[in-house]
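*Asks:* Generate coordinates for the entire structure from the input sequences, incorporating the hints supplied.
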Amino acid sequence: MEKLTRFSYFLVLCLFAWSSSYAQKKTVSGKVSELESGKPIPGANIIVKGTTAGVATGSAGEYTIVLPDGAEVLIFSSVGYTSREITVNGRSVIDVTLEAYVQSLKETIVVGYGVQRRSEVTGSVSVVSGRELEEHPGFNALQSLRGKVSGVKISTNSGSPTGSNRVVIRGIGTINASTNPLYIVDGVALDNIETMNPNDIQSIEVLKDASATAIYGSRGANGVILVTTKRGGTENGLRLEYNGDFSMGRLARKIDVMNAKEFMEVQRIGYENAPIFKNYAPGQEPVIDLSDRRIFDAQGNPLYDTDWQEEATRTALTHNHQLSIRSKGESGAFGAFLNYTDAEGIYLNSWTKRASVKLVYDVSLAKWLSLGTNTTITKTWANNVSETGGGFHASRAITEVPPIFPVKWPDGTWSNSTEISGFTFEGQPNPVHRLLEEDNLVNGTRLFGNLFLDFKLASYLQFRSQVGINNYLSEDRYYAPTDMITVGFPDGYARISNGKQTYWQNENYFTYAREFGSHRLNGVLGASWQQNLASGNAMSARGFTNDFFNFNNIGAASTQNPSTSYANDWSMNSYFSRATYTYKDRYTATFSGRMDGSSRFGKNNKYGFFPSGGVSWLVSNEEFMRNVKAIDHLRLRASFGVTGNTEIGLYRSLATIGSGTTLIGGQRVARSFAQRLPNSDLEWERTRQFDGGIEVTMFNQTLLLEADYYSKLTYNLILNRPIPTSTGFGSITDNIGSVSNKGIDLKLTTRNINTENLTWSTTLNFNYNKNRIESLGLNNEDIFPGPNWVAGSQTILRVGEPVNSFWGYERAGVWGSDEAEEAAKVGAIPGEAKRSTKKTIIGKGIPDVTGGLFNRFNIGRFDALIDLQVSLGADIMQQFLATAEDRQGLTNGISTQLYDAWASDKQNTMVQQIRHTVLSGQNLQPDTRWICDGSYIRGNLFSVGYNFGQRMLATMGLSQLRASLSLENAFVIHSKDFKGYDPESSTWHGDNFGQNIFFYEYPKARTLTFGINVRFK
Amino acid sequence: MKKYIFIITALLMVSCERFLVEKPKSEQSLDQFFQSAGEGRSFVNTLYKSGATGFYDPGGFTGSIVMMGGYISGLFDNEAKGERIEPLRAQNLSFNAQNMSEYLDRWWSSAYSAIAIANTAIKYIPNIPGIPDVEKNQLLAEAKFFRAFNYFFLVKNFGGVPLVTEPYFNTEGIYVDRAQIGEVYNLIVEDLEWAVNQGNLSNNNFVTNNFRITKGSASALLADVYLQMSGYPLRIESNYAKAAAITKSIINSGSYQLIQNGALPEKSAYNVMRTSDKESEYVFSIEFDPVIYGVSSPSVSLPGSIRPPGLKYSRTYNAYRPTDQYIELYDETKDLRVQNQQLFFKSVDVQGEHFEFGEYAPYLFYDTVALYETARGGQDMRVYRYAEMLLIAAEAIAFTEGVTQEAVKYLTDVRARAYWNTSRNVIEDQLSVLDKEAFIKEVWKERYRELALDYRLWSDIQRTRLYPVGSAGGNVNFVDVVGHTNPWGATYQEHHLLYPISDNEIQRNPKLEQNPGY
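Quick note, the sequences are listed as chains G and Z, same order. Per our numbering: the first sequence = residues 4 to 1020. Per our numbering: the second sequence = residues 196 to 713.
Keep in mind that the hints were calculated from the coordinates and are not lab data. Owing to the predicted nature of the structure, the values given are computational and were not obtained by experimental measurement. One should not assume that every hint holds.
The list that follows gives simulated cross-link-like pairs (lysine-lysine, DSSO-like), each with its CA atoms no further than 30 Å apart [as the list claims (entries may be wrong)]:
#1 G:LYS609 to Z:LYS220
#2 Z:LYS331 to Z:LYS443
#3 G:LYS264 to G:LYS982
#4 G:LYS356 to G:LYS382
#5 G:LYS503 to Z:LYS220
#6 G:LYS281 to Z:LYS541
#7 Z:LYS218 to G:LYS606
#8 Z:LYS331 to G:LYS606
#9 Z:LYS473 to Z:LYS604
#10 G:LYS459 to G:LYS587
*Replies:* This is the structure in structure tokens:
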């Protein structure tokens, strides 16, 4: 930064004093022109680097400058263009092209229903280009977006290739409704973009404040992510491009699981300690039995020392191919985008594949009519390995299955943790067995597309009618084999479920854009219909005589479970409008609003109106700013508006009767019951948001800052409000309660070095968010929303606290030998955890600060990226410590249970005395021992690329060839108290408050990727 | 053409009201429901597995909710109490309205959810068009039975709870004060008397009635209710006579019998209870089935330290271990029930291997098919057995009529089955000479011994306010529970006889007052 500051001062100095040049000997002349158009740039500045000497170009962009002795470098700059440093190298004529600075005044960005000049957008909108997304090789577009937009928190909570990412924009503002943003792809709503081919993306615009999102009304409160995909050729002729990458991933970090020797030591001490916990008649104390010769040698030493983390993981190989064919002809443009990706996870047999074809055709049918269409067919296949550890999944078994078992017995059968005499371990299949032999195949087929007609009614008036469709078919097939203890054992289990979703929308809108002298008016007015129809069915059975059929002949099983089916739908009808007025290219006001009707809501409240307003002042266009040369661009924005959230379960406003079966008289008989207390007044959850923003560009685009302060209040929460359980219902879905999020989004870019052969820029995306529950039900009752686990809900909702507050006991330490009397009062003995008597808030799962720091370099033909990501202020609830540390003997665990355990000569520790669960019980409760600081700094991506030179390309007949190498997840710096794999995780997927709470996560990989990009002539 | 295309598309901007009407397909709306007897029946069917009947499945580390009485008495232990702390808090008497709140919330929400289903059924079933009277009355009787069953659980454990008898359709009137204990009992008695007298319930045995509520089932619950009302806190002693009358009607109906011992020890009556769900001793049981509706009881029948070969469960633990103090309530030389592998066991042989536990575990749950073959339990949980009816009759008759031959006979029936090497005459002679108070205490002792796994222990302490203290040879002293210190060193105070009202529930309903002492 110091360097930057000095450089900036220097520039300012130059700008104010360039006329004071002095006598020279050698001259350089030439012409300065625009890169895109080749048009000359008059008034551009040329300065001799390291001096105050400089000149300006004439009306034809021409210049002549006298070089002082020893001067080597010239700096070319002009308002609206990116400046360049050029080494003279003895030349006397230097023609220079300048690239128009991206935030040029006329630049447009995609907003809801159309585009707007960036300088007229009164809302907070962040843009990420497809190029920036492509910097990050990967299967999932959301992972590529991570850290690139301030205020958009993307949590990658698992290392699974099918793992889902959680996206929260500007804090969690809801309790029982979804926190997901609305995704709009080419104007069509899509539930998520996780399986979308990231390479199809041209740009992503994130709408964050009310002025930007109000046009999406009732679905805008969580923010809107607009995805624009690539279209056909822009230049005449054919263009062919191939991108490929190949990667290798390895387990990024192993956790400190005990080896066979350490495990047996815990067993031994556990037996030795047994009399501390229970009275045994003399001579009746339990004695360790090492006589099982399958496991122990004659001396009682374990025969095997299996490292399950090693055995169950692998080098994950992934390859990804992208081919694009684009052409442009007289009347239309065509594009075809093909993708095939085969991605492996680091767990054995964890994989996903995707094939997708996207076809684009844009054609002008008449002078007044054009048509565009865009269809994507995506097929995905996966073997979905569980991302949680519960239910003895592999993530748990790699820690818990004792290392004294082999992967397979000498006779070739799989081992499990019950196959030992003399010991009782928790029965778990070994993780290698589970990964290789359990099938959970998930196939998806998505047909997604749209077609629009544009009518040019006048030069200033257009009408668009667009139809979009999202059709998704899924098929899940599961089989657990007969020999897999606790899973398929003893007679196998098969399940097939099918789902079908058909979503369609039709939107029709007028777009108006007209200038009258210094006045400019833009507007949108339209209507929208949306409907979603979903249905599905499932069958399952157990009782197979062998594993031959797998899930392919469910009828062959002896015990058929009842088959199930469902069908539901929802619909929306909306009217929307936006009007933007700009005066003298300086003052802009925007009003936008949407009237939404939704089937989800009570018959008394079907329609809701969501208005917003915003103003913007382009200060840098004012007369008085003309002489403030340091500032290239300065704009102030403010907006206020109301948006909504409709994403609740269906039929919440109705009294309905649920049905199923139950057991009476040895038979299945029908049963039915009232589902809920109806609320026919149920309506939208509303979010009121103020946003104030500043955009400033200084010192010839050397420093770019965009900062926003926002204050959001979500009220009329769609809350499952607690009511007396004596009603027969625990809650009623009601509009009550409020949650606030206040914070700052900041994006700062500095161009630290900008010379011909070396550029270095730094971008910081930063968000600070403070979340607070302002009010809850009628009596501000505490709510325990889950996730439910040991001792109940792991989080609490309480007024004055942030959501996602962890709920548990405080552990002050371990009861000491001299505290026996005090311990006895709570039924404990020395060596057991010393906990508070009441539960309290012991941490929170959401961070205060998140950010990404990107350093980009161009050195000759090389380019490089350093992408660091930061999260501060969140805590982690390490649920796995319940069984990996607090509960001993029944399974394997982490080494602290051996090395840090309390003993009479080791009083001062947090870890309880070794206690063999099966002999002596256990003592575990969610407490502060499980909590650690969840702040981290991640080396998210390091990459380097090389662009081959023109001469080389010419000989190969290519127009571009780039090779790159990148390292993803290179390191994570986190609290030393964190014992798991990765501090950003959750094993409670889909739970609004499950972030940073985990019971054995799917670990993340460190991945090395080689990529190639070829553009054919 | 331009004009036409434009007009056609522009037409799409017109609204349509019906577009937004919600029409559920996988759920029915309430106003379309209760149109047929079958719909009414399906509503009542739900009650068989709702609320307090669900408190019998011992699944999960906490043990079943009905086991809490055993824990709070200190006479039973749960091996997994370090993982789910409620049993520990019960034994230590360290529970309060905060630290038990989430657990107690489950009791209330389940029981009241069943009560709401019953209330809805009771309101709508009479209006079902064309429903025959007999069927209508049977369904109403079943609904009232379950409403009473759930209120009985609540009133015993919490005292006067809010009395809700109508279903809710909106939030009007949801804040209800606690009723008097007597008012809750009045509704229970009213419901059950209606069910017994007007419910057209079957006079058959519960099992032959296909596990649907019989007149006997409703009478059994009513007898239990009368007995409980006779003691603390209401002490309406006139109810003893009613209890005597209703149990006599069950006994005299001839529909129920005690299981008789077969070849001992494997074919004892207690082993038959373990292995057979279809016996005429069962007056009301909660059905389970390995396929349709499983039960987790096998997994809590073996101590965790034991892993016999071929065990199909990933883990077992002894969730209801009788303490030495409980075992002392039995005469270990005479009483079959306390012998190994009757009600309890302390060792077992599997595939020729012998396993000593070093403690007792509930043998009644030891389901070898589930444990060693299928990993799926299907054994029913018995709520009322004929043996209990005999014991209620003996106690109630003794109280109202004195130690009659009839009273002696009923108590002897139960005891003689257990005292396998003592002749019936000897028992009868010993009992006949007792005075009323001594005889009633013999009934109580027999209840502890016979109903150990029917979970009557804490209810008996609640109604008698006496705590059983055993000593060698099955001698039992009854001492005042208040002031008594249990085997875990905790001393009972009067307030421990009721649980606290959960703090969360009080937040939800500010009209609720906490029980004294919490």
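*Asks:* Hint by hint, note whether the structure agrees.
*Replies:* Against the structure, the hints:
A hinted pair counts as satisfied when its Cα atoms are at most 30 Å apart, and LYS609 (chain G) with LYS220 (chain Z) qualifies at roughly 20 Å. At most 30 Å may separate the alpha-carbon atoms for a hinted pair to count; LYS331 (chain Z) and LYS443 (chain Z) meet this at roughly 27 Å. For the hint pairing LYS264 (chain G) with LYS982 (chain G), the CA-to-CA distance comes to about 20 Å; that is within 30 Å, so the pair holds. Of the pairs offered as hints, the one joining LYS356 (chain G) and LYS382 (chain G) holds, with about 8 Å between alpha carbons and a cut-off of 30 Å not exceeded.
For the proposed pair LYS503 (chain G) and LYS220 (chain Z), the alpha carbon gap of about 15 Å is at most 30 Å, so the pair holds. Distance restraint check for LYS281 (chain G) and LYS541 (chain Z): the Cα-Cα separation of roughly 16 Å lies within the 30 Å cut-off, and the hinted pair is therefore satisfied. Our distance criterion of 30 Å between C-alpha atoms is met by LYS218 (chain Z) and LYS606 (chain G), whose separation comes to about 12 Å. For a cut-off of 30 Å, the pair hint linking LYS331 (chain Z) to LYS606 (chain G) is broken: about 34 Å separates their Cα positions.
Of the supplied pair hints, the one linking LYS473 (chain Z) and LYS604 (chain Z) holds, its CA atoms being roughly 25 Å apart against a limit of 30 Å. In summary, the hint linking LYS459 (chain G) to LYS587 (chain G) is supported, as the alpha carbons are separated by about 27 Å, within the 30 Å threshold.
Checked against the numbered hints above, the structure breaks only hint 8 and satisfies the rest.
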